[in-house]
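Visitor: Let chain A serve as the given structure and place chain B on it in line with the hints.
Protein sequences appear in the order of chains A and B.
This note's numbering puts the last residue of the first sequence at 327; the count rises by one with no breaks.
This note's numbering puts the last residue of the second sequence at 266; the count rises by one with no breaks.
Since the hints were made in silico from the structure, they are not lab data.
One or more hints might be untrue.
Said to hold, decoys possible - Examples of chain B residues toward chain A, derived with CB under 8 angstroms: (1) Val4; (2) Arg20; (3) Met24; (4) Asn53; (5) Leu90; (6) Pro98; (7) Arg133.
Stated by the list, open to error - Label-pair restraints from in silico Cβ distances: (8) A:Arg18 to B:Ser263: 20 to 28 angstroms; (9) B:Ser263 to A:Gly185: 53 to 61 angstroms; (10) A:Asp73 to B:Ser165: 19 to 27 angstroms.
Note that the structure is a prediction, hence the values are computed from the model and not measured.
Note that the Cβ used here is the ideal one computed from N, Cα and C, for glycine as well.
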Amino acid sequence: MPGAIHAEGLVKTFGDVRALDGVDLDVPEGTVLGLLGPNGAGKTTTVRCLTTLLRPDSGKAVVAGVDVLKDPDAVRRSIGLSGQFAAVDEYLTGRENLQMVGQLYQMRSKAAKARAGELLEQFNLADAADRPAKTYSGGMRRRLDLAAALVVSPPVMFMDEPTTGLDPRNRQQLWEVIKQLVSGGTTLLLTTQYLEEADHLAHDIAVVDHGRVIAKGTSDQLKARTGGERVEVVVHEREHITSAGEVLRGFGKGEVTVEDHTRKLTVPVTGGAKLLAEIIRELDTRGIEIDDIGLRRPTLDDVFLSLTGHVAETAAQDEANGKEAVK
Amino acid sequence: MSAVNDSLVVARRNLIRMGRIPEMLVFGLIQPIMFVVLFTYVFGGSIQVGSSNSTQAYREFLMAGIFAQTVTFATAGAGAGIADDMHKGLIDRFRSLPMARGAVLTGRTLADLVQTALTLVVLAVVALIVGWRTHENFAKVLAGFGLLLLLGYAFSWIGALIGLSVRTPEAATSGGLIWLFPLTFISNAFVDANQMPSFLRHIAEWNPFSATVQASRELFGNLPPGFQASSAWPMQHPVWASLTWSVVIILVFRTLAVRKYRSTTA
Chain A
1 MPGAIHAEGL
11 VKTFGDVRAL
21 DGVDLDVPEG
31 TVLGLLGPNG
41 AGKTTTVRCL
51 TTLLRPDSGK
61 AVVAGVDVLK
71 DPDAVRRSIG
81 LSGQFAAVDE
91 YLTGRENLQM
101 VGQLYQMRSK
111 AAKARAGELL
121 EQFNLADAAD
131 RPAKTYSGGM
141 RRRLDLAAAL
151 VVSPPVMFMD
161 EPTTGLDPRN
171 RQQLWEVIKQ
181 LVSGGTTLLL
191 TTQYLEEADH
201 LAHDIAVVDH
211 GRVIAKGTSD
221 QLKARTGGER
231 VEVVVHEREH
241 ITSAGEVLRG
251 FGKGEVTVED
261 HTRKLTVPVT
271 GGAKLLAEII
281 RELDTRGIEI
291 DDIGLRRPTL
301 DDVFLSLTGH
311 VAETAAQDEA
321 NGKEAVK
Chain B
1 MSAVNDSLVV
11 ARRNLIRMGR
21 IPEMLVFGLI
31 QPIMFVVLFT
41 YVFGGSIQVG
51 SSNSTQAYRE
61 FLMAGIFAQT
71 VTFATAGAGA
81 GIADDMHKGL
91 IDRFRSLPMA
101 RGAVLTGRTL
111 ADLVQTALTL
121 VVLAVVALIV
131 GWRTHENFAK
141 VLAGFGLLLL
151 LGYAFSWIGA
161 LIGLSVRTPE
171 AATSGGLIWL
181 FPLTFISNAF
191 VDANQMPSFL
201 RHIAEWNPFS
211 ATVQASRELF
221 GNLPPGFQAS
231 SAWPMQHPVW
241 ASLTWSVVII
251 LVFRTLAVRK
261 YRSTTA
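Only chain A is shown next, with the shape it has when bound in the complex (with noise of 0.2 angstroms):
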């Protein structure tokens, strides 16, 4: 049975670049995909084709049990949207801005009222709901974007780089409202450029590039690729290059590697923190000086690297995309 969004070999032009190029997705009911890629890998065209605003050259999409290219409309009452940039109007208050969606979703105009009192309180905007948003801060608007999506408690969500922009604190608020939301039962496809935050959130995890799914499963699963935690070293003196590796290899569980020009060394580990420690004092205790030593988590460039063999690029071809899914 396919689950709450199903989409099959989506394919999507703009003029010369193939945004889309047969992406295939599967969410089962109440779980939570995290879309991963970096820019211009066809992220936002992916939610754009799923939740109707724009049309896929070819292909087949399901949401929430209804094709998405021959019943829009009935779509668009099973989801909800929140987009990278913040959809509110700047010059209504956070209240009206949820009344208003409310009234879209064609609730009576009390209900939609009573609705946006609930949501301004659940998403800690009280004290501002009668300010215009253009005062909220960035993580208040992107925290009235996603009550505008939750309106009408949809049984589907798209978040399109959700925490984008924002700074950490408020990163960590969002995710935890997202998780909240999600233990509820929602179904939700998340898209990122951050490993952590799908890490975070996420069940399972789909890896696009250049507008296809190369690879999909739980971050476990992508990381076990990827190789997870390294130490890197950087060594003052050439010479010890050498007897640093040597170091190296008694602490790690694979190779060493060595840029000679850099004097970097990097070994991949399990143990975290603790190993560090003793990679540290074992290299004092031979009196090997070292300029700079650290922990490296796997990020997105290193899923990307393992998986592709190039580094994710912040590709110009994104702007166009995104400027061309706009127009």
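Guide: For chain B alone, coordinates are given in the frame of chain A:
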């Protein structure tokens, strides 16, 4: 039903915005007020209409023209507003909602209609101050303003189509304005079209804009003494011509604008 409701919800949103950006309304008023004052005092003495030489006759003749020009200039505002909406995230929200497709545009044009009506009220007061008077009963005067508002509403749909077709609000503003100058000047708004070279005179007589000017001029009782209306059909039956033109413009441009809006949607 939901189409009406959704349009009103969107119109309300635009009216709230208008109230929060009052400078837009104020700037929208300055230009027509300047026209009233400049034309009355600068050109008023040297332009002759009908058989009368009096400045009062021109003053009264002029006002319908300036009112009509003012309502058509609202086109640019409608276009800029829609272009602005289209390039903000809010339009994606609207499109992802189960609302009537044309409501975003209809709501916008309705809000513009309210703004135009307010502008006309202020302008009429200024006109009264500089000496404009009507010479027909109240119902006819109201009907004259009704035709002006209908023309303004029709033109805001042209503005909507422009706003949907350009990339930036700035382009919508200038694109919404440039063609209005020849349209409003090659007309009977500021001078008696009978005195134009025949080529221009024909354009002026069949100009949709002229029909409304002529109609409201008649309904206000502002035709100068000895004024000979041309024999062209729209000038002989200006009320019907004005109504017909406005309705045709609404039908054509609403259809095109809504189609354009939808075609950029799924």
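Visitor: State for each hint whether it applies.
Guide: Against the structure, the hints come out as follows:
1. Val4: Since chain A brings no Cβ nearer than about 12 angstroms to Val4 of chain B, farther than 8 angstroms, the hint is violated.
2. Arg20: 5 angstroms, holds
3. Met24: 11 angstroms, violated
4. Asn53: Since the shortest Cβ distance to chain A is 51 angstroms, the answer is violated.
5. Leu90: For Leu90 of chain B, the interface hint holds, since the closest Cβ of chain A sits about 5 angstroms away, which is under 8 angstroms.
6. Pro98: 4 angstroms, holds
7. Arg133: With a closest approach of 40 angstroms, the Arg133 of chain B hint is violated.
8. A:Arg18 to B:Ser263: 20 to 28 angstroms: The hinted range 20 to 28 angstroms holds for Arg18 of chain A and Ser263 of chain B, with Cβ atoms some 22 angstroms apart.
9. B:Ser263 to A:Gly185: 53 to 61 angstroms: 37 angstroms, violated
10. A:Asp73 to B:Ser165: 19 to 27 angstroms: Given about 26 angstroms between the Cβ atoms, the range holds.
When each numbered hint is compared with the structure, violations occur for hints 1, 3, 4, 7 and 9.
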